[in-house]
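Enquirer: The lines below spell out each chain.
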Amino acid sequence: AQSVSQHNHHVILSEAASLELGCNYSYGGTVNLFWYVQYPGQHLQLLLKYFSGDPLVKGIKGFEAEFIKSKFSFNLRKPSVQWSDTAEYFCAVNAPGQAGTALIFGKGTTLSVSS
Amino acid sequence: DGGITQSPKYLFRKEGQNVTLSCEQNLNHDAMYWYRQDPGQGLRLIYYSQIVNDFQKGDIAEGYSVSREKKESFPLTVTSAQKNPTAFYLCASSIRQTEAFFGQGTRLTVV
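If you read the protein sequences in the order shown, they are chains V and L.
When we follow the numbering used here, the leftmost residue of the first sequence carries the number 13, and every step to the right adds one.
When we follow the numbering used here, the leftmost residue of the second sequence carries the number 6, and every step to the right adds one.
Excised from the complex, chain L in its bound form (with noise of 0.2 Å):
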C-alpha cells in the first residue's frame, strides 16, 4: 500500500532530552513537510524539503531541526531547546505543490 507512515503514534519525552519522529513515504514525493497541529491553532508549518538534501525553515522551526538525506525519509527532531513541544505533529508529502497527503500523525507529551 502506498502511503505516509509515521512512527511512534505516541511518544513521551522527559525535559531536556531530544527526539527524533520517523516520517516514510513510499508515494514517490518530492516534496514533503512537517506540521504541528494545536487545538485552536490548526497546522502550523515547521519545516518543508522540496528536493532531497534540501529543507527551509517554516513558520515556527526553532527548536525543531530536520534532515532529508533520502526522498522517502524526513525525520524531524524536537531539540530540547523546544519550550512547548507537547502537540500532536503530522508529516505530509506531496508532488510539488498539489496535494498534501498525510500521515497519522504522532502525539509527542513532556513529562
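Looking at chain V on its own, in the form it has when it is part of the complex (with noise of 0.2 Å):
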C-alpha cells in the first residue's frame, strides 16, 4: 500500500522568504502526485499534480513541484512567499496501475506567513 511523508509539522516564514515544502511517497510503481492547499475556512484545492512527463510542475499562485524519482519525492516550492499563502498544505499520491487504489495524503503541513 502507498503511503505518504511530509517532513514539516509547522513552518513560519516572513513575506518574501523562499519556500520548500518535503513530500516522500512510498510505492515502487508508477505514481500520480498531487499538491494540495487548505486555505483558512476553504475547502482542499488542487495547486498542482504530475502524471507523468516533465518532472518540474508548476501550478497555480507561483507554486511549483519537482518529481525526483530516485528519491521518491516529490518537493513543493515557491521563490517568494506572501502572507495570504498561509494555509495548510498536503500532499497526496494514487497508484493509476493499480484497480482499486484510492488517494493517500500526507499529514500536512501548516505554513504560516508573517507581513
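Everything labelled a hint here was simulated from the structure, so no lab data went into it.
All values reported here derive from a predicted model rather than from experimental measurement.
Take the hints with a grain of salt, since some may be wrong.
Cβ-to-Cβ under 8 Å is the rule here; a few derived chain L residues that face chain V [what the hints assert, rightly or not]:
| hint | residue |
| --- | --- |
| 1 | F17 |
| 2 | G21 |
| 3 | N23 |
| 4 | V24 |
| 5 | L48 |
| 6 | L50 |
| 7 | G63 |
| 8 | E67 |
| 9 | G108 |
| 10 | G110 |
When the alpha-carbon atoms are kept at most 16 Å apart in a straight line, the in silico EDC-like pairs for lysine to aspartate or glutamate are as follows [said to hold, decoys possible]:
| hint | chain 1 | residue 1 | chain 2 | residue 2 |
| --- | --- | --- | --- | --- |
| 11 | V | K81 | V | D66 |
| 12 | V | K61 | L | E104 |
| 13 | V | K61 | V | E78 |
| 14 | V | K81 | V | D97 |
| 15 | V | K119 | L | E20 |
| 16 | V | K119 | L | D64 |
| 17 | L | K88 | L | E67 |
Ideal Cβ positions, reconstructed from N, Cα and C, are used throughout, including at glycine.
Relying on the hints, combine the two individually framed chains into one complex.
Expert: What follows is the structure in C-alpha cells.
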C-alpha cells in the first residue's frame, strides 16, 4: 500500500522568504502525485499535479513541485511567499496502474507567513 | 454549477446515535471518497467507491458504513460503534484516479 510522509509539521516564514515543503511517498510502481492547499475556512483545492512527462510541474499562485523518482520525492516550492499563502498544505499520491486504489494523503504542513 | 455538495455543514450527535452525512456530486465522476480530517493527522481514508454498487474500506473504516446505489450519491453513516466520531468529514470525487475534487465538509460533534 502507498503511504505519504510530509517532513514539516509547521513552517513559519516571513513574507518574501522562499519555501520548500518536503514530501516522500512509498510505492515502487507508477504514481500520480498531487499537492492540495486548504486556506482557513475554505475547502481543499488542487495546487498542482504530476502524472507523467516533465518532472518539474507548475501550479497556481506561483507554486511548483519537482518529482524526483530516485528519491521518491515530490517537494513543493515557491520562490517568494506572501501572507496570503498562510494555509495547510497536503501532499497526496495514488497508483493509477493498480486497480482499486484511492488517493492517500500525508499529514499536512501548516504554513504561517508573517507580514 | 458542477460540484460536490455535502450536508449538513454542522452536525451534532448524541452518544449512541447513528448519523448519516450526505454527499452528492453532479460532475459525472465514477469514483467517490470519504475522508476524516483531524488536527495533525491529515486526511485519513474511511471508504471509497470506484463504481456504483461497489465500495472498499479505507484505513479507518471501523464504525462507519457507506452505500453507493447511485453514481451521484455516496452517503456515510457514522455508527455508535465509532468510538471517537467528533471530526471534520470530507467527501471527494474523481474521474478514475485523476485529481479529486472536494466538498466543503461536515463538522460532526458528539454532545
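Enquirer: Hints first: check each against the structure and report whether it holds.
Expert: Okay, the hints, checked on the actual structure:
1. F17: violated (20 Å)
2. G21: violated (30 Å)
3. N23: N23 of chain L check fails; min Cβ-Cβ to chain V is 24 Å, beyond 8 Å.
4. V24: violated (21 Å)
5. L48: holds (4 Å)
6. L50: With Cβ-Cβ at 6 Å, under 8 Å, it holds.
7. G63: holds (7 Å)
8. E67: violated (17 Å)
9. G108: holds (7 Å)
10. G110: This hint holds: G110 of chain L lies near chain V, its Cβ roughly 7 Å from the closest one there, short of 8 Å.
11. V:K81 <-> V:D66: Given that 16 Å is the threshold and the Cα spacing comes to 12 Å, the pair holds.
12. V:K61 <-> L:E104: Cα-Cα ~8 Å, so holds.
13. V:K61 <-> V:E78: holds (10 Å)
14. V:K81 <-> V:D97: violated (27 Å)
15. V:K119 <-> L:E20: Outside the cut-off at roughly 28 Å; violated.
16. V:K119 <-> L:D64: holds (14 Å)
17. L:K88 <-> L:E67: Holds. K88 of chain L to E67 of chain L sits at ~9 Å (cutoff 16 Å).
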